[in-house]
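> Taking my numbering, the leading residue of the sequence shown gets 107, the next gets one more, and so forth.
Simulated from the structure, these hints should not be mistaken for laboratory data.
Be a bit skeptical, because a hint or two may be false.
With beta-carbon atoms standing in for the labels, derived distance ranges [said to hold, decoys possible]:
#: 1; residue 1: Asp-201; residue 2: Ile-312; range: 49 to 57 Å
#: 2; residue 1: Thr-257; residue 2: Asp-178; range: 33 to 41 Å
#: 3; residue 1: Gly-259; residue 2: Leu-138; range: 17 to 25 Å
#: 4; residue 1: Asn-290; residue 2: Lys-161; range: 13 to 21 Å
#: 5; residue 1: Thr-292; residue 2: Arg-234; range: 24 to 32 Å
#: 6; residue 1: Thr-117; residue 2: Arg-213; range: 29 to 37 Å
#: 7; residue 1: Asp-114; residue 2: Met-287; range: 19 to 27 Å
The list that follows gives simulated cross-link-like pairs (lysine to aspartate or glutamate, DMTMM-like), each with its CA atoms no further than 20 Å apart [claimed, not checked]:
#: 8; residue 1: Lys-170; residue 2: Asp-315
#: 9; residue 1: Lys-170; residue 2: Asp-201
#: 10; residue 1: Lys-161; residue 2: Glu-195
#: 11; residue 1: Lys-161; residue 2: Asp-114
#: 12; residue 1: Lys-170; residue 2: Asp-159
#: 13; residue 1: Lys-161; residue 2: Asp-122
#: 14; residue 1: Lys-236; residue 2: Asp-201
#: 15; residue 1: Lys-211; residue 2: Glu-127
#: 16; residue 1: Lys-170; residue 2: Asp-115
#: 17; residue 1: Lys-161; residue 2: Glu-224
#: 18; residue 1: Lys-161; residue 2: Asp-201
#: 19; residue 1: Lys-170; residue 2: Asp-137
#: 20; residue 1: Lys-170; residue 2: Glu-300
#: 21; residue 1: Lys-170; residue 2: Glu-203
#: 22; residue 1: Lys-211; residue 2: Glu-224
No experiment lies behind these values; they were computed from the predicted model shown.
Every residue gets a Cβ at the ideal spot worked out from N, C-alpha and C, and that includes glycine.
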Amino acid sequence: MVFWIDPDDRTMAFPDPHLAESDGLLAIGGDLSPRRLISAYSRGIFPWFSFRDSKEPQWYCPQKRFVIFPHDIHVSHSLRPMLNSGRFEMTFNRDFEGVISNCSKLRINGVGAWLGPEMVAAYTELYRMKRAASVEVWEEGRLVGGLYGVTMGHVFAGESMFSLRPGASKLALVHLARRLMTANDTFLIDCQFETPHLRSMGGTHISYDEYIRILRGQ
(Lines of atoms letter the chains of each structure in order from A and count residues from 1; the text may use other names and numbers.)
(Lines give C-alpha, C1' and ligand atoms only; values in the text may rest on other atoms or scores of the structure.)
Protein backbone atom coordinates (compact mmCIF):
# COMPACT_ATOMS: atom_id res chain seq x y z
CA MET A 1 0.00 0.00 0.00
CA VAL A 2 1.21 3.51 -0.86
CA PHE A 3 -0.03 6.19 1.50
CA TRP A 4 -1.07 9.78 0.78
CA ILE A 5 0.37 12.65 2.82
CA ASP A 6 -1.78 15.76 2.97
CA PRO A 7 0.41 18.85 2.33
CA ASP A 8 -1.69 20.73 4.88
CA ASP A 9 -1.00 18.19 7.63
CA ARG A 10 1.21 20.09 10.08
CA THR A 11 1.94 17.03 12.26
CA MET A 12 4.67 15.96 9.81
CA ALA A 13 3.70 12.36 10.55
CA PHE A 14 4.61 9.47 8.25
CA PRO A 15 3.10 5.98 7.96
CA ASP A 16 4.86 3.03 9.57
CA PRO A 17 7.99 2.53 7.41
CA HIS A 18 7.57 -1.25 7.66
CA LEU A 19 4.56 -0.89 5.35
CA ALA A 20 6.64 0.31 2.39
CA GLU A 21 6.28 -1.43 -0.96
CA SER A 22 8.90 -3.95 -2.08
CA ASP A 23 10.74 -1.20 -4.01
CA GLY A 24 10.76 1.00 -0.92
CA LEU A 25 7.96 3.40 -1.92
CA LEU A 26 6.00 4.34 1.18
CA ALA A 27 4.03 7.53 0.52
CA ILE A 28 3.24 10.30 -1.93
CA GLY A 29 2.44 13.92 -1.15
CA GLY A 30 3.39 16.39 1.51
CA ASP A 31 6.07 18.94 0.78
CA LEU A 32 9.83 19.47 0.96
CA SER A 33 9.81 21.79 3.96
CA PRO A 34 12.71 21.44 6.41
CA ARG A 35 10.39 20.17 9.14
CA ARG A 36 9.03 17.39 6.94
CA LEU A 37 12.46 16.42 5.66
CA ILE A 38 13.86 16.23 9.20
CA SER A 39 10.85 14.16 10.27
CA ALA A 40 11.42 11.82 7.33
CA TYR A 41 15.16 11.31 7.78
CA SER A 42 14.74 10.70 11.51
CA ARG A 43 12.69 7.64 10.47
CA GLY A 44 14.99 6.52 7.67
CA ILE A 45 12.67 7.90 4.97
CA PHE A 46 13.86 10.01 2.04
CA PRO A 47 12.29 11.75 -1.00
CA TRP A 48 13.15 10.47 -4.45
CA PHE A 49 11.11 11.26 -7.56
CA SER A 50 11.38 12.60 -11.08
CA PHE A 51 10.36 16.24 -10.74
CA ARG A 52 9.31 16.36 -14.41
CA ASP A 53 6.97 13.39 -14.02
CA SER A 54 5.46 14.01 -10.60
CA LYS A 55 4.13 17.14 -8.95
CA GLU A 56 4.08 15.44 -5.56
CA PRO A 57 7.09 14.24 -3.57
CA GLN A 58 7.47 10.48 -3.33
CA TRP A 59 8.88 9.05 -0.12
CA TYR A 60 10.94 5.87 0.11
CA CYS A 61 12.05 3.62 2.92
CA PRO A 62 13.68 0.38 1.66
CA GLN A 63 13.57 -2.37 4.25
CA LYS A 64 16.97 -3.61 3.07
CA ARG A 65 19.32 -0.65 3.41
CA PHE A 66 22.49 -0.44 1.37
CA VAL A 67 25.09 1.17 3.61
CA ILE A 68 28.81 1.57 4.12
CA PHE A 69 30.31 1.19 7.56
CA PRO A 70 33.24 3.64 7.63
CA HIS A 71 35.76 1.05 8.84
CA ASP A 72 34.83 -1.17 5.87
CA ILE A 73 35.54 1.46 3.20
CA HIS A 74 37.51 -0.12 0.37
CA VAL A 75 40.31 1.83 -1.29
CA SER A 76 41.18 0.21 -4.61
CA HIS A 77 44.71 -0.05 -5.97
CA SER A 78 43.79 2.46 -8.68
CA LEU A 79 42.54 4.98 -6.12
CA ARG A 80 45.54 4.84 -3.78
CA PRO A 81 47.85 6.85 -6.09
CA MET A 82 45.23 9.64 -6.22
CA LEU A 83 44.93 9.68 -2.43
CA ASN A 84 48.69 9.79 -1.98
CA SER A 85 49.55 12.15 -4.83
CA GLY A 86 49.14 15.36 -2.82
CA ARG A 87 47.36 16.90 -5.80
CA PHE A 88 43.92 16.89 -4.21
CA GLU A 89 42.59 18.78 -1.24
CA MET A 90 39.52 17.45 0.57
CA THR A 91 37.32 19.73 2.67
CA PHE A 92 34.03 19.71 4.56
CA ASN A 93 31.29 22.28 4.06
CA ARG A 94 33.47 24.73 2.17
CA ASP A 95 31.18 24.89 -0.88
CA PHE A 96 27.90 23.04 -0.32
CA GLU A 97 26.14 25.04 -3.02
CA GLY A 98 28.90 24.24 -5.51
CA VAL A 99 28.60 20.54 -4.77
CA ILE A 100 24.82 20.31 -5.03
CA SER A 101 24.81 22.51 -8.12
CA ASN A 102 27.27 20.21 -9.89
CA CYS A 103 25.32 17.13 -8.82
CA SER A 104 22.18 18.65 -10.33
CA LYS A 105 23.77 19.92 -13.56
CA LEU A 106 25.36 16.60 -14.45
CA ARG A 107 22.00 14.80 -14.37
CA ILE A 108 19.38 17.47 -14.99
CA ASN A 109 18.75 16.49 -18.61
CA GLY A 110 18.64 12.76 -17.96
CA VAL A 111 15.52 10.60 -17.88
CA GLY A 112 14.09 10.54 -14.35
CA ALA A 113 16.24 13.41 -13.10
CA TRP A 114 15.27 14.09 -9.50
CA LEU A 115 17.56 16.87 -8.32
CA GLY A 116 15.53 19.79 -9.67
CA PRO A 117 15.29 23.37 -8.39
CA GLU A 118 12.90 22.55 -5.51
CA MET A 119 15.09 19.73 -4.21
CA VAL A 120 18.22 21.86 -4.51
CA ALA A 121 16.54 24.66 -2.55
CA ALA A 122 15.27 22.23 0.10
CA TYR A 123 18.66 20.64 0.80
CA THR A 124 20.43 23.99 0.70
CA GLU A 125 18.08 25.15 3.44
CA LEU A 126 18.88 22.02 5.46
CA TYR A 127 22.56 22.90 5.07
CA ARG A 128 21.91 26.39 6.43
CA MET A 129 20.22 24.70 9.40
CA LYS A 130 23.33 22.48 9.86
CA ARG A 131 21.30 19.39 8.98
CA ALA A 132 23.10 18.71 5.70
CA ALA A 133 26.78 18.62 4.87
CA SER A 134 29.13 18.37 1.91
CA VAL A 135 32.56 16.99 1.12
CA GLU A 136 34.56 18.79 -1.56
CA VAL A 137 37.52 17.64 -3.66
CA TRP A 138 39.76 20.37 -5.09
CA GLU A 139 42.50 20.21 -7.69
CA GLU A 140 44.60 23.35 -8.12
CA GLY A 141 41.86 25.39 -6.48
CA ARG A 142 39.10 24.01 -8.72
CA LEU A 143 36.16 22.01 -7.41
CA VAL A 144 36.44 18.67 -9.25
CA GLY A 145 34.30 16.35 -7.17
CA GLY A 146 32.26 15.93 -4.04
CA LEU A 147 29.18 14.61 -2.35
CA TYR A 148 26.47 15.87 -0.02
CA GLY A 149 23.93 14.36 2.33
CA VAL A 150 21.81 14.76 5.41
CA THR A 151 23.27 14.27 8.88
CA MET A 152 20.84 12.60 11.24
CA GLY A 153 21.81 10.92 14.48
CA HIS A 154 24.56 8.39 13.74
CA VAL A 155 23.85 8.33 10.00
CA PHE A 156 25.17 10.33 7.07
CA ALA A 157 22.44 9.87 4.48
CA GLY A 158 24.26 10.31 1.19
CA GLU A 159 22.16 12.01 -1.47
CA SER A 160 24.35 12.54 -4.52
CA MET A 161 27.95 12.80 -5.68
CA PHE A 162 29.75 14.08 -8.74
CA SER A 163 33.12 13.90 -10.48
CA LEU A 164 34.64 16.27 -12.99
CA ARG A 165 37.86 14.31 -12.65
CA PRO A 166 37.74 10.47 -12.75
CA GLY A 167 37.74 9.10 -9.22
CA ALA A 168 37.07 12.42 -7.49
CA SER A 169 33.76 11.32 -5.96
CA LYS A 170 35.49 8.21 -4.59
CA LEU A 171 38.06 10.44 -2.90
CA ALA A 172 35.21 12.36 -1.27
CA LEU A 173 33.61 9.14 -0.02
CA VAL A 174 36.88 7.87 1.44
CA HIS A 175 37.48 11.21 3.14
CA LEU A 176 33.98 11.11 4.64
CA ALA A 177 34.48 7.56 5.90
CA ARG A 178 37.80 8.45 7.50
CA ARG A 179 36.20 11.44 9.20
CA LEU A 180 33.47 9.23 10.65
CA MET A 181 36.04 6.67 11.81
CA THR A 182 37.30 9.15 14.38
CA ALA A 183 34.03 8.86 16.34
CA ASN A 184 33.90 6.47 19.26
CA ASP A 185 30.38 5.29 18.40
CA THR A 186 29.11 3.31 15.42
CA PHE A 187 28.27 5.45 12.42
CA LEU A 188 27.24 4.51 8.93
CA ILE A 189 26.90 6.06 5.49
CA ASP A 190 23.47 5.43 4.00
CA CYS A 191 23.77 4.78 0.25
CA GLN A 192 19.96 4.26 -0.01
CA PHE A 193 20.12 2.02 -3.11
CA GLU A 194 22.78 -0.44 -4.26
CA THR A 195 25.02 0.39 -7.21
CA PRO A 196 28.10 -1.51 -8.47
CA HIS A 197 30.18 1.61 -7.78
CA LEU A 198 29.16 1.73 -4.11
CA ARG A 199 29.41 -2.04 -3.65
CA SER A 200 33.01 -1.84 -4.86
CA MET A 201 33.63 0.75 -2.13
CA GLY A 202 32.49 -1.62 0.63
CA GLY A 203 28.71 -1.31 0.58
CA THR A 204 26.56 -3.96 2.22
CA HIS A 205 22.91 -4.55 3.13
CA ILE A 206 21.44 -4.30 6.61
CA SER A 207 17.85 -4.46 7.78
CA TYR A 208 15.77 -1.34 8.31
CA ASP A 209 15.46 -2.17 12.01
CA GLU A 210 19.25 -2.37 12.42
CA TYR A 211 19.56 0.89 10.50
CA ILE A 212 17.20 2.65 12.91
CA ARG A 213 19.03 1.27 15.95
CA ILE A 214 22.31 2.70 14.66
CA LEU A 215 20.70 6.01 13.67
CA ARG A 216 19.43 6.41 17.22
CA GLY A 217 22.70 5.29 18.80
CA GLN A 218 21.15 2.27 20.46
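> Could you run down the list of hints and mark each one as holding or not?
We went through each hint and held it up to the structure:
no. : hint                          : result
1   : Asp-201 - Ile-312: 49 to 57 Å : 32 Å, violated
2   : Thr-257 - Asp-178: 33 to 41 Å : 20 Å, violated
3   : Gly-259 - Leu-138: 17 to 25 Å : 21 Å, holds
4   : Asn-290 - Lys-161: 13 to 21 Å : 45 Å, violated
5   : Thr-292 - Arg-234: 24 to 32 Å : 28 Å, holds
6   : Thr-117 - Arg-213: 29 to 37 Å : 33 Å, holds
7   : Asp-114 - Met-287: 19 to 27 Å : 43 Å, violated
8   : Lys-170 - Asp-315             : 9 Å, holds
9   : Lys-170 - Asp-201             : 32 Å, violated
10  : Lys-161 - Glu-195             : 39 Å, violated
11  : Lys-161 - Asp-114             : 15 Å, holds
12  : Lys-170 - Asp-159             : 26 Å, violated
13  : Lys-161 - Asp-122             : 23 Å, violated
14  : Lys-236 - Asp-201             : 14 Å, holds
15  : Lys-211 - Glu-127             : 30 Å, violated
16  : Lys-170 - Asp-115             : 29 Å, violated
17  : Lys-161 - Glu-224             : 11 Å, holds
18  : Lys-161 - Asp-201             : 29 Å, violated
19  : Lys-170 - Asp-137             : 25 Å, violated
20  : Lys-170 - Glu-300             : 10 Å, holds
21  : Lys-170 - Glu-203             : 31 Å, violated
22  : Lys-211 - Glu-224             : 14 Å, holds
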